[in-house]
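J.: Letter by letter, the chains look like this.
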Amino acid sequence: MMPLAYAREGSLVRVSAIRASKGLYRRLHELGIMEGKILRVIKAQGPGPVIIEIVNSISHVYGGVPCPYCPIATGGRLLLGFGVAMKIMVEEVRSP
Amino acid sequence: MTNEGKRARIALAGIPNVGKSLIFNRLTGGRAWVGNWPGVTVEKKVGTLKVNGIEVEVVDLPGIYSLTAYSVDELIARNFIVEEKPDVVVCIVSAINLERSLYLALSLLELGANVIIDLNMVDLAEKEGYRINYKKLESILGVPVIPTIAPTGRGIDKLKEAIGKAIREKKVQIRIVDYGRIVEEAISKIEETIRSLAPELTEKYPARWIALKLLEEDSDIVGKVSKLPVGKEILDKANQLREMLKEKIGDPESYIVERRYERVSEVVKAVVEKVAIPKVSMTDLLDSILTHKVVGIPFALSVIYLLFRFAFEVSAPLVDLVDVAINGYLHDLALGIHGLPEWFTSLLADGIIAGVGAVLVFLPVIAFFFLGFAVLEDVGYMARVAFLVDKVFHKFNLPGKTVIPLIIGFGCNVPGVMAARGIEDENERKTTALIAPLASCNARLPVYLVIGGAILGAMAGFAILSLYVLGIILALIVGLLLRRTLFKGASTGFIMELPPYMAPRLGNVAIKTWERTKRFLFKAGTVIFLATLIVWFLSVTGPGGYLGPEALENPQLIRESWVGILGRSLASTVFSPMGWDWRAAVALFFGFIAKEIVVSSMAILYGVGEEKLMDVIAENQAFTPLTAYAYMAFVLIYVPCIATLAMVRNELGLKYAILALIYEVLLAYIVSLSIIGIGSALGFS
Amino acid sequence: MESGKSIFKRYMYVIIPMEVMLGLAYLMVGLIAIINWYLGTIGAGEILYPDYVPGDLGVSLVMLSIGFLMILSVYYWFRREIMKSLAATILGLGLAVAAMVMQVLVIIASWLNSIIVNEPITYEELKLGFLRADALLGYTALPLLYVPLRILRKTTITQ
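Protein chains in written order, with the working numbering: chain A, 513 to 608; chain B, 27 to 711; chain C, 5 to 163.
There may be inaccurate statements among the hints.
Taking lysine-lysine and the PhoX-like style, the derived pairs with C-alpha atoms no more than 20 Å apart in a straight line are [claimed, not checked]:
1) B:Lys638 - A:Lys549
2) B:Lys70 - B:Lys544
3) B:Lys514 - A:Lys534
4) B:Lys272 - A:Lys534
Just so you know, these hints were derived from the structure itself, not from any lab.
Next comes chain A alone, as it looks inside the complex (with noise of 0.2 Å):
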């Protein structure tokens, strides 16, 4: 488990935690970032803010692995910056 402000470029994570604020909790969670819920981590130079998007049911696979430029529909991208993605604990799923 490490901070989204580590993950690696190109990889997917799960979040598994989020230690903030109420104020920050609640307004990741209202843009869709909750425990559980799976990341595609667009750009990343760690640690460092982060840019990702949520992967969904529609996510794209293409021959078996993610693309790592292919848009995943439906959700727009997030920029989170360094210390709201240290505040974010997620575990990797998928190595770029």
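For this one, chain A is given, so just place chains B and C on it according to the hints.
T.: Chains B and C in isolation, oriented as in the chain A frame:
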């Protein structure tokens, strides 16, 4: 605004970046009345639409992600729907951001609004390789769904039809989400309690919605309920059930949010159909470089440099056109009018026309700057810039987003301070608004150019660059200080949606440019104009009486005017350690009102036209390179124009405006003194 | 990840060598600009290639960035990271064209300006403006954009 004269009223709602503004324009034909929501500094846009012979008032609600009580924007939207009861709420859902858009749609349905869904950006979804079965979505949600492509206007007519129909046939879907047996039972119990104890409440809000909010501990609803005579009973019942739920399923609020999102996922799964294998996303492709720590920064700096070039160098003909037309032609024309008292022609030419000229001469540069900036914003690049600086800004406990008001501030501080609204966290927003004036705005540049050009010669360019950088550094340091003291708070962190890169849309760009330029023109403009008049008056009169317009050209005479006396006293007291002479001191004093005046008042004090000013200053040896640089730094830091202070007061209140005033003057004094001190120690004169 | 557009890959054999040359050219211009700036501030008289390279730090920044991006693109190409190479090419050429356009606009503006303030500008001066290094290199970069943009259109989603 009341409903007089209009037959119906609708609201537009949606999360950010779904094309709401464009839809609003398409519906209202761009005729909008812009004001503020009562009591807050959030913008309210209202327009009209005619459909089926009915005139419909269209209210644009702020862009929000949900309807909680945690943010002012959300409360505004919520209260509007509940109190004003619009006939229809058009929820704009983005086909390429379905989950978040639908989450808001569900929240609106639960509120009991008469919702119709505008499924926008369907063309972009198609490009990504999927299609949304909107008929199915319609049957699942139970409300009309109209696909649209806002930029081309496809579907807008059907949307108008649907609005007309929805005004006549209302559909309500309060039970759109099922929260599971346990929670549903709790909800029913609370509903019963409310219906029996306070049925009047259900006339405003659906009982189910109130129950949900009480379980979520919504501060606004809890507050409203507690004010009722039977409030305590209801709240007790709700709290009891909450505690019970807490043991069984955990925090009710989180559970409810999660359950809503689950419902959204179910809906999305059911209505999205893949059509083609999507290709690579251009946005991700470009972002791989543009958000790269090492490569992205030089690129960003280059883009900003080109933006500055565009603003300053390409607008030059317009600037000179204004100068020649107003300060030259019109001015001389006014002076040549016969048959009027001398003081009047002077007032006209040197006061009013000069005042107008002072404002308009900056207009092209500011307009061009904002134009370029708006293009970059619309393309989506600004979000990436914020990303790049976030890590650095984080060290100062500020979100990366702060960089945007600062960059806007380079054009004019007034819209820069206003741009601080875009930052969600209270404390961070206040801090940003207070440090934004440290961005070196356009108006300060002429001072740098004249003084730097006259005294520093070849080093001028570098010195000016250093001032811009100094401004940013000071902004960060002061920002950190403020965050450590007055506006303490953990950084709630920077969360921003990154829109896909899109070709800039002319309409959007034009609107944004105009709105920001407008701020300069009307707020700053009027101040500058008045300031010029005051300078004129204080220059042609003195304790000895009226000195006549000759004072404007005769340096000996002007020493005796109010302006001169003021300057001399300032120079011999406050500014003596800096070694600035009385003219420089007076210019600073007037610069307090508007930085644009500094150069023109200096010109008056030397009795020359502005073109000769540089040479005159160089000859007069009024500054040494060291004192000149310190002077430029002082101009950079001390109070921005009164218009900026007014904007700070607008956004933060009088207390903070005064604070801004004090800290900036003090900081300016300290910094310029230090420059002189360090410089002298290093051996400069 | 397949991107089997071999026809366009062949074009890349044109682009990559051009990028090497242009990239080096831009880097050189950038360095000369810094040198000229330094010479200007210490007042040492003659600057290098005064007709082509101004002593301007901003120009130098842009030139160096463009050169850097082009070299980066070649670098990625040899590391077989084709998409990143393509991205760097587009951004490098794009920035080059932007800088060129800006210079052209500025020269046109100064020509308009000369009319307005009645200080005529000589044909020589205009010509020199249009032939300044950032514009000159930009003219070369412009036609090159065709190839990567074509590839982009075929293989990506533009939104």
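J.: For every hint, state whether the structure bears it out.
T.: Here is how each hint holds up against the structure:
1. In summary, the hint linking Lys638 of chain B to Lys549 of chain A is not supported, as the alpha carbons are separated by about 68 Å, beyond the 20 Å threshold.
2. Pair hint Lys70 of chain B plus Lys544 of chain B holds up; C-alpha atoms about 17 Å apart against a cutoff of 20 Å.
3. Between Lys514 of chain B and Lys534 of chain A, the direct Cα distance comes to roughly 17 Å. Compliance with the 20 Å bound is thereby established for this hinted pair.
4. For the suggested pair Lys272 of chain B and Lys534 of chain A, the alpha carbons sit about 16 Å apart, so the restraint of at most 20 Å is met.
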